[in-house]
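Two chains, two frames, a set of hints: combine them into the complex.
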Amino acid sequence: MLTVTPQHFLILSFLLVGIGFFGLLIRRNVLLMLMSLELMLNGINVALLTFARVGNNLDGGIFVFFIMTVAAAEVAVGLALLVALYKKRQSVLSDDMALLKN
Amino acid sequence: MSMVDLLFWIFAALSVGGGLCMVFSRHPVSAAMFMIVSLVGVAALFVLLESFFLAVLQVLVYAGAVMVLFLFIIMLLDVGPDAAKQKITNWKTGVFGFVTVILLVSLLVMLGNSSDYMGEGTTTWPSLNQDAASADQTLPFSTKVSSFGYGLMTKYMLPVQISGFMLLAAMIGVIILSKKTVQQKDEGL
Chain A
1 MLTVTPQHFL ILSFLLVGIG FFGLLIRRNV LLMLMSLELM LNGINVALLT FARVGNNLDG
61 GIFVFFIMTV AAAEVAVGLA LLVALYKKRQ SVLSDDMALL KN
Chain B
1001 MSMVDLLFWI FAALSVGGGL CMVFSRHPVS AAMFMIVSLV GVAALFVLLE SFFLAVLQVL
1061 VYAGAVMVLF LFIIMLLDVG PDAAKQKITN WKTGVFGFVT VILLVSLLVM LGNSSDYMGE
1121 GTTTWPSLNQ DAASADQTLP FSTKVSSFGY GLMTKYMLPV QISGFMLLAA MIGVIILSKK
1181 TVQQKDEGL
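These protein sequence lines map, in sequence, to chains A and B. Per my numbering, residue 1 is the first one in the first sequence, and the count goes up by one each step. Per my numbering, residue 1001 is the first one in the second sequence, and the count goes up by one each step.
There is no bait here: all hints are sound.
Lysine to aspartate or glutamate pairs mimicking EDC-like chemistry, simulated, CA-CA at most 16 Å apart: (1) B:Lys-1155 x A:Asp-59; (2) B:Lys-1092 x A:Asp-95; (3) B:Lys-1144 x B:Glu-1050; (4) B:Lys-1144 x A:Asp-59; (5) A:Lys-87 x B:Asp-1078.
Derived coverage of chain A by chain B (criterion: at least 3 residues anywhere in the stretch with Cβ under 8 Å from a Cβ of chain B; other residues may be distant): (6) 4-12; (7) 34-47; (8) 80-87.
Hints listed in this document are in silico derivations from the structure and should not be mistaken for laboratory results. Remember, it's a predicted structure, so these values are computed and weren't measured experimentally. Idealized CB from N, CA, C, for every residue including glycine.
The following block holds chain B by itself, in its conformation from the complex (with noise of 0.2 Å):
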């Protein structure tokens, strides 16, 4: 076993051990850190897969802005720990949680039993080619972040564009919401 085996074990380990703790943990605090510690995870996992930027974008974006406003949520409403014996609300949900792990059983016995090239297992990571912004369209994998500035200021420019505006509506709307109502008092003009 290789040490890039190694790595990939241990973190995977870190990213599914930290989601589980997470949805077991009873105090919403505890819930946040150990979500932390899979996000990290997988931001590891990313640098596995050769996606450097990406794997910084999710240290940044996720186990630091995301999870602070968490914790910041978390400490303002001081929301205390779930009472015990009452995390599963009735019969129907504990049943659809039952057929959720049962389909995700299934899916895994499919991947590791079918024969075609997914289930043996056989297949090889491709050797990059670094040049970026090659003249066709595909945008070969690459793991220079200039590459990625190129597919989205070019390809994606109009996704770019959406998402920023869908960012502006974002920030417009939490503000309204977040806002004091004022009762507006007619006392005259």
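Extracted from the complex, chain A is given alone in its bound form (with noise of 0.2 Å):
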């Protein structure tokens, strides 16, 4: 039935982390590499779902559900922490948030 092969799939994997992670580096809203982790993590996804289904093992979609819920709490405490930042500098780009550079 389907006839791409699952090195498709782990290239678009590799270019979804690649993309995430070029975005974690060059915004400097912090709302944006929080959105670009998700990015990474959906490509660690599509990556763990491919090998799973060539395996023939479940045991990786079942990771890709743990993967789910720390994204999930993860991006919870990750705003809240924003929000209580935001409260202090009034500011959600991350060059505001170099107290303890240099």
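Structure (structure tokens):
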């Protein structure tokens, strides 16, 4: 049925992780940085599911489930930290959160 | 080119393009919208990989709950668009971004050129045995939700409980973080 190979899915997952990491590096807005983290986790999920499907093993699928759980908790805590920081600094840019730099 | 291949290319383009637009969009709200497009594309790819339950979960949890949370925070903080020309903070970030791209390209070339079974792209998709809950310890890949639940409740019982505890800890942490700090006044007891 599916004539695209697992390689296609793996290259796609590399691309998603790369785009997410690139966004994490170049964006200054912490909200965008958190979204880039989500994109990286999605790329990892695609790779895990591909290997689960090819290896005929459900462990990868269950691991994707746990990654989703951790990602949801991570976003909740990260955004709460961001709101707490915004109350102090009135900014969501990472440049304004460099108190410990130098 | 069969229909499924066409769907793969469409949804791969959707997820990668949505991700790229998310990274390069100036306004956070439009970035969140592009992120939803990307996440739905990934959910469709999960369907192509025959993990229907995880695809539904992806749409519900990511495109539903997580992105609504993001949009809620964007509205709450009233974040405007970033100033143009100030996206790249300094040269160091640019250098690391460049190194990232080089690493990614070299990985892709390695994956495309290696002569092992991955490189040739001839790995076949194994046929599925839908009988869930087989007696041996390895869980076979199945499209059924029941085999998913069987795996969660037997082999992965401890991780399920740990992740539940982690969610509880995250919830308490978020409540404490976002609580209004009350100034303790010593007015006597």
